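K.L.:
Sequence:
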Amino acid sequence: MSNSHTTMDKAVFISFNQAFYEHILELLDRLNIRGLTAWEEVKGRGSYSGDPHYGTHTWPTLNSAMLVILPEARVELLLSELRKLDQRAERQGLRAFVWDVTNGL
4 MSNSHTTMDK AVFISFNQAF YEHILELLDR LNIRGLTAWE EVKGRGSYSG
54 DPHYGTHTWP TLNSAMLVIL PEARVELLLS ELRKLDQRAE RQGLRAFVWD
104 VTNGL
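According to our numbering, the sequence shown is numbered sequentially starting from 4.
Hints are computed from structural coordinates only; laboratory data are not their basis.
Check the hints yourself; a few may be wrong.
With a straight-line cut-off of 25 Å between C-alpha atoms, the simulated SDA-like cross-links for lysine to any residue are [stated by the list, open to error]:
(1) K46 / N20
(2) K87 / G47
(3) K87 / L34
(4) K13 / G107
Pair ranges (Cβ atoms, derived) [as the list claims (entries may be wrong)]:
(5) T64 / E84: 17 to 27 Å
(6) N106 / T61: 36 to 46 Å
(7) P63 / V104: 33 to 43 Å
(8) P55 / T105: 30 to 40 Å
(9) H26 / E79: 18 to 28 Å
(10) D103 / A41: 16 to 26 Å
(11) S52 / K87: 12 to 22 Å
(12) R98 / L34: 17 to 27 Å
(13) G49 / Y24: 13 to 23 Å
(14) D54 / P74: 28 to 38 Å
The model shown is predicted, which means the values in this text are computed figures rather than measured ones.
C-beta: ideal position from N, C-alpha, C; glycine also.
Could you put the whole structure together from the sequences, leaning on the hints where they help?
P.N.:
Spelled out as structure tokens, the structure:
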């Protein structure tokens, strides 16, 4: 089995309200982006604004998160589509961060 990993790959960490989970999976499928790891229940709060997502009585919502690996050339397209999704429901919370993939197997 060959390894198609190159140093041109990027990792995009996406943290979002659970309400976006299916929408983001559909987006990745539509963009033909395959490599991902998902965590369905994560807790967090925004750096500057937004309600906490703690899964408690006081703050009942939770986040999900995905780590998506894709070629560097596809990153801006993914971010652009995620921005559109975030703008449709800004109060839900969706953030994405791009990291270099420097090594892998």
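K.L.:
Hint by hint, note whether the structure agrees.
P.N.:
Outcome of the hint check:
1. A C-alpha spacing of about 10 Å is found between K46 and N20, which places the hinted pair at or below 25 Å, so the restraint holds.
2. Distance hint between K87 and G47 is fulfilled; the C-alpha atoms sit about 22 Å from each other, no more than 25 Å.
3. For a cut-off of 25 Å, the pair hint linking K87 to L34 stands: about 14 Å separates their Cα positions.
4. Taking the CA atoms of K13 and G107, the gap is about 11 Å. The hint holds against a cut of 25 Å.
5. Taking the beta carbon of each, T64 and E84 are about 23 Å apart, inside 17 to 27 Å as hinted.
6. For N106 paired with T61, a C-beta distance near 42 Å keeps the hint of 36 to 46 Å intact.
7. Between P63 and V104 the C-beta distance comes to about 35 Å, which sits within the given range of 33 to 43 Å.
8. For the pair P55 and T105, the beta carbons lie near 33 Å from each other, so the given range of 30 to 40 Å is met.
9. With their beta carbons about 19 Å apart, H26 and E79 fall inside the hinted range of 18 to 28 Å.
10. Range check, D103 to A41: about 21 Å between beta-carbon atoms, so the 16 to 26 Å window is met.
11. Between S52 and K87 the CB atoms are about 20 Å apart, so this pair conforms to the stated range of 12 to 22 Å.
12. At roughly 18 Å, the beta-carbon separation of R98 and L34 lies within the given 17 to 27 Å, and the hint holds.
13. About 18 Å separates the C-beta atoms of G49 and Y24, a value consistent with the hinted range of 13 to 23 Å.
14. For D54 paired with P74, a C-beta distance near 35 Å keeps the hint of 28 to 38 Å intact.
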